[in-house]
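Q: If you're matching positions, the sequence shown starts at 1 in full-length UniProt numbering and goes up one per residue.
These are calculated hints, taken from the structure and not from any lab test. The beta-carbon is built from N, C-alpha and C at its ideal position, and this holds for glycine as well. Some hints could be false.
Taking lysine to aspartate or glutamate pairs in the EDC-like style, the calculated list, with each CA pair at most 16 Å apart, reads [stated by the list, open to error]:
{"no.": "1", "residue 1": "K97", "residue 2": "E43"}
{"no.": "2", "residue 1": "K97", "residue 2": "D41"}
{"no.": "3", "residue 1": "K329", "residue 2": "E293"}
Label pairs and their calculated CB-CB ranges [said to hold, decoys possible]:
{"no.": "4", "residue 1": "N296", "residue 2": "G16", "range": "34 to 42 Å"}
{"no.": "5", "residue 1": "A308", "residue 2": "K77", "range": "43 to 51 Å"}
{"no.": "6", "residue 1": "A288", "residue 2": "T216", "range": "32 to 40 Å"}
{"no.": "7", "residue 1": "S229", "residue 2": "Q188", "range": "19 to 27 Å"}
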Amino acid sequence: MDHQLSQHDIFISQDGQLQLTVAVDTETVWLTQAEICVLFDRERSVITKHINNVFKEGELERDSVCAIFARTADDGKTYQTQYFNLDVIISVGYRVKSKRGVQFRQWATNTLKQHLLQGYTLNQQRLVQRGIEFNQALALLSKTLTNQALINPDGQAVVNVIAEYARSWSLLQGYDEQSLTEITHKQQQMQPLALDEVLAAIAALKTNLIAKGEATDLFAQLRGNGLASSIATIEQGFGGEWFYPNVASRAAHLLYFIIKNHPFADGNKRTGSFLFLWYLQQNQHLLAKPVSEQINDTTLVALALLVAESLPDQKELMIRLIEHFILLKDSE
1 MDHQLSQHDI FISQDGQLQL TVAVDTETVW LTQAEICVLF DRERSVITKH INNVFKEGEL
61 ERDSVCAIFA RTADDGKTYQ TQYFNLDVII SVGYRVKSKR GVQFRQWATN TLKQHLLQGY
121 TLNQQRLVQR GIEFNQALAL LSKTLTNQAL INPDGQAVVN VIAEYARSWS LLQGYDEQSL
181 TEITHKQQQM QPLALDEVLA AIAALKTNLI AKGEATDLFA QLRGNGLASS IATIEQGFGG
241 EWFYPNVASR AAHLLYFIIK NHPFADGNKR TGSFLFLWYL QQNQHLLAKP VSEQINDTTL
301 VALALLVAES LPDQKELMIR LIEHFILLKD SE
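When you get a sec, could you build the whole thing from the sequences and use the hints?
A: Right, dumping it as structure tokens:
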């Protein structure tokens with residue numbers, strides 16, 4: 001990335017002691033290392049150490065969170081300057097234990113939300129032409145952002161979700177010859193969803209999460225026959241034809257059914273997201289790209305939150321959205 005950032009917003013700390021001009025694009029916000037020092041009121045050597053540790057410890061990938069932009073200095077000359085995005089800023093904020101880190105995260109969350117919603121206003125006509133009802137999509141997006149913006153204790157996941165909204169929906173708008181219509185592609189060699197295999201996969205997940213202290217015995221405990229019913233629905237067919245004829249459709253419905261039907265006492269979004277990836281991996285031979293290259297963590301979090309917040313009459317919108325993240329191989 002090597003261009004000049006054209007949009008800027010002003011961050012003002014709650015105590016009024018700091019006013020900082022922040023570069024903003026459609027996905028995230030950017031600060032130079034010098035600006036991060038000012039934000040957290042720390043020496044350059046301290047910030048340098050923490051930034052290096054973020055990359056050294058594998059918390060973030062440098063190429064994904066750093067960029068070079070043209071910056072006009074006070075002398076009027078333009079210089080190529082390294083910037084760090086919101087992921088890095090928040091990580092450093094946690095490490096230096098700065099209250100301003102929380103304030104900045106909240107400010108950035110709201111700022112990105114406003115930029116995102118403004119972008120939708122400008123693209124209303126095109127979204128409708130692509131087969132998405134704009135008001136429905138925007139209402140759901142606004143509701144999800146409002147409900148999720150400030151409740152995550154780590155903050156990181158929420159920021160990633162908002163950034164992913166911008167990237168993903170921009171991607172969908174950019175399709176020149178596609179729309180969010182149903183994917184009717186038929187695939188014959190799909191691995192079936194067998195209840196015993198699904199339960200075994202869930203049990204392994206639960207054991208792993210409990211061992212790491214990230215779940216309790218209540219996690220993924222079955223409530224009634226909801227899981228079996230969802231699997232049976234996906235496996236239905238007639239006259240040798242599947243009702244859900246391809247991996248994208250089946251995986252999308254699996255994620256949707258588990259999140260919306262709540263077949264577990266606890267952990268429905270986590271379990272649904274896990275099974276979604278697990279089923280795609282079982283059918284990797286039918287996908288155009290590896291699962292990890294199609295669905296990353298923030299995409300999955302965003303999809304799960306959107307499904308959870310969606311209304312029943314938005315089911316088809318959600319299914320189509322999920323399907324369009326899954327690239328299938330051409331017909332065999």
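Q: For every hint, state whether the structure bears it out.
A: Status of each hint after checking the structure:
1. K97 <-> E43: With Cα atoms ~14 Å apart, K97 and E43 stay inside 16 Å; holds.
2. K97 <-> D41: With a Cα-Cα distance of about 11 Å, the restraint between K97 and D41 holds, given a limit of 16 Å.
3. K329 <-> E293: 14 Å, holds
4. N296 <-> G16: 34 to 42 Å: 38 Å, holds
5. A308 <-> K77: 43 to 51 Å: At roughly 50 Å between Cβ atoms, K77 and A308 fall inside 43 to 51 Å, so the hint holds.
6. A288 <-> T216: 32 to 40 Å: 39 Å, holds
7. S229 <-> Q188: 19 to 27 Å: 25 Å, holds
Figure legend: structure checked against the earlier numbered hints; every hint is met.
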